[in-house]
Structure formats: C-alpha cells, structure tokens
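J.: Residue numbers for the first sequence follow our numbering, beginning at 175 and rising by one.
It should be emphasised that the hints constitute simulated quantities derived from the structure, not laboratory data.
Every clue listed holds true.
The calculated label-pair distances, taken between Cβ atoms and stated as ranges, are:
| no. | residue 1 | residue 2 | range |
| --- | --- | --- | --- |
| 1 | Ser319 | Lys186 | 25 to 31 angstroms |
| 2 | Ser319 | Ser437 | 28 to 34 angstroms |
| 3 | Ala366 | Arg430 | 18 to 24 angstroms |
| 4 | Gln419 | Ala366 | 25 to 31 angstroms |
| 5 | Gly260 | Arg427 | 45 to 51 angstroms |
| 6 | Ser319 | Pro213 | 40 to 46 angstroms |
| 7 | Val389 | Ser368 | 30 to 36 angstroms |
| 8 | Ser437 | Arg208 | 24 to 30 angstroms |
| 9 | Arg328 | Arg380 | 20 to 26 angstroms |
We put the CB at the ideal spot given by N, CA and C, even for glycine.
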Amino acid sequence: MPELPEVEVTRKGIAAPLLGARVLEVRLGKPLRRPLGCPPGALAGATLGEITRRGKYLWLPLAAPDGGLLVHLGMSGSLALLERAGEPGPHDHFDLVTDRGTLRLNDPRRFGAVSWSASLDDAPAAALLARLGPEPFDAALTPQSFHAALRARRGALKTVLMAGQAVVGAGNIYACEALFQAGIHPALRADALSRPRAARLLAALRATFARALDVGGSTLRDFSDAHGVNGAYQAEAAVYGRAGQDCRRCGGRIRRIVQAQRSTYFCPSCQRR
DNA sequence: AATGGCGCCTGAACGC
DNA sequence: TGCGTTCAGGCGCCAT
175 MPELPEVEVT RKGIAAPLLG ARVLEVRLGK PLRRPLGCPP GALAGATLGE
225 ITRRGKYLWL PLAAPDGGLL VHLGMSGSLA LLERAGEPGP HDHFDLVTDR
275 GTLRLNDPRR FGAVSWSASL DDAPAAALLA RLGPEPFDAA LTPQSFHAAL
325 RARRGALKTV LMAGQAVVGA GNIYACEALF QAGIHPALRA DALSRPRAAR
375 LLAALRATFA RALDVGGSTL RDFSDAHGVN GAYQAEAAVY GRAGQDCRRC
425 GGRIRRIVQA QRSTYFCPSC QRR
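Starting from the given sequences, assemble the full structure and let the hints guide the process.
T.: This is the structure:
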C-alpha cells in the first residue's frame, strides 16, 4: 500500500509523540514476513529515540536495552498510534505498547515486517538497507548521477525505477505517474535514456513525491495516516488504474501493459521511447 | 553483477 | 447466491 510519501507521512505522524516514550510491552499477532528477531519481552523498559526513514523502511531506535526496530509496511500495512488500543483485530500483528500509546501495525497480507537489530549497522537491518539507492531528495542525487545510474541498467525504465537502486521510494503508482509526467515510455531501456530526459524524469519523480507529501499521502486510495484518519482519495492519478480511459492531456487512450509481473499504465502518445 | 522469475498472504472485485 | 479467477500500492531470494 505505501510508497515513500506514505511512509514519510506515517513517520511524521508518530515521530514526535513517540520520542522519549517508554516501551511497556510488545504483542505479536500472526507471523509477518520475517521474525521479530528477539523475545518480545526483551524490549520492555526501552526508551524510543527519534524515528527515521530510509526508503520505505522506518527505523525505531531503542535505548536501554539498546537496539531498534526496522519496520516495513509491505503492500497492505499501516501504522496507527492509538491512545487506548482495544483488543487487536484479525489483521493487527504487532503492538508496541508504550506509556504514550500503542503503535499498532495492521497488515492484512502480512508482507510487512518488524525486525529487531542491535543497530543500523548490524544484521538484519544493515543487509536490508545496504541495497538501497539514494533518497529522492538527497542533494547528492543530481541529474548527472541519476543518468549515470540509469546507464548501468539494461532493464525497462519503469522496472528500474521500482528496483530502488537508481533512486528509492517509487512503487508501482508513482513510477507510472512520474514517467507520464516526464513524457517517457515505461518500456524504454534505462541505459537508452538521454541525459536531458534523465533530468526530466528525476524532476518529475521529485514533483510527484512532493505533491503526495503535500496532501499527506492521500493520493493513495485507502491510505490512512498514523491517526487512522484520511483515505481521502485525491482521484488525481493521470494514468495509474485508468486503462481504457481518456488521457487528460491529449485525449488518447490510456493503456495497461505488464512489466515484471506488475501492471504499468501509460499514454502511448504522450510517452515516447 | 545484473536480471528475470517466483513466493509470500488475504481480500475485493468481477464473471459465470 | 455461490463459486472460481484475477488483481492488488513490495520486496527478498534464487538461479542464471
């Protein structure tokens, strides 16, 4: 469900209220994608530091006992910070009970994960984060470096965007939307993209993310933020989920193709190879 | 080292 | 109404 903007909106919703919170208890539901990696009881008494984000991962640092939790929301996960948490529902699989409320992970498909690591430099966190490319708004990510990263890839641009090595954060929706905004065909080979067009794509991706952050991640149909509110779908996707409908820019017909077993939506006349 | 394919889960929407 | 099929916002790991 969440792409980078949604994860960042989630982080913003929980970072301040949980800073300095004391862990009282950890409750687990059904198994998630990977094991917690420590006995739940071992976290009691720890104090939460400032929650950070890397790609679509959240890092919840803990002190005394030291360590942290690396959280990924997968396809269908969402976090809510509840003042008074009721009994966990059938899809609530992780509760971090603190003296400032309960941070609850709801994840019907259970592709998400919560993993304890001694630090970001230790397993499993280090290995999971090691493969990630630069953050989209990192100043070190320039049109030049982005173009260079794309030139090292032979796959289709849309697939490469989603792989997260040239830049992190784009999922299926924002990859499609950014390519539309940049006027680039999703099946164009990454290493065939000219430098000006790479610059255009980076700008489009940043604009897409910035817009989503502005509206609080509510560009996604059923996203709900850390307070459980939202879900106000903006209905502003230009191409995603619009196969067969008219392109808002040229009036042509939006097409759906499959790339790497994922749906890709694009406008054949606005987006050129 | 990059690439493509598969598996992990459940629920909603759709067609018959 | 019920049943089967398809699809869904993401990784990780594996073989090549």
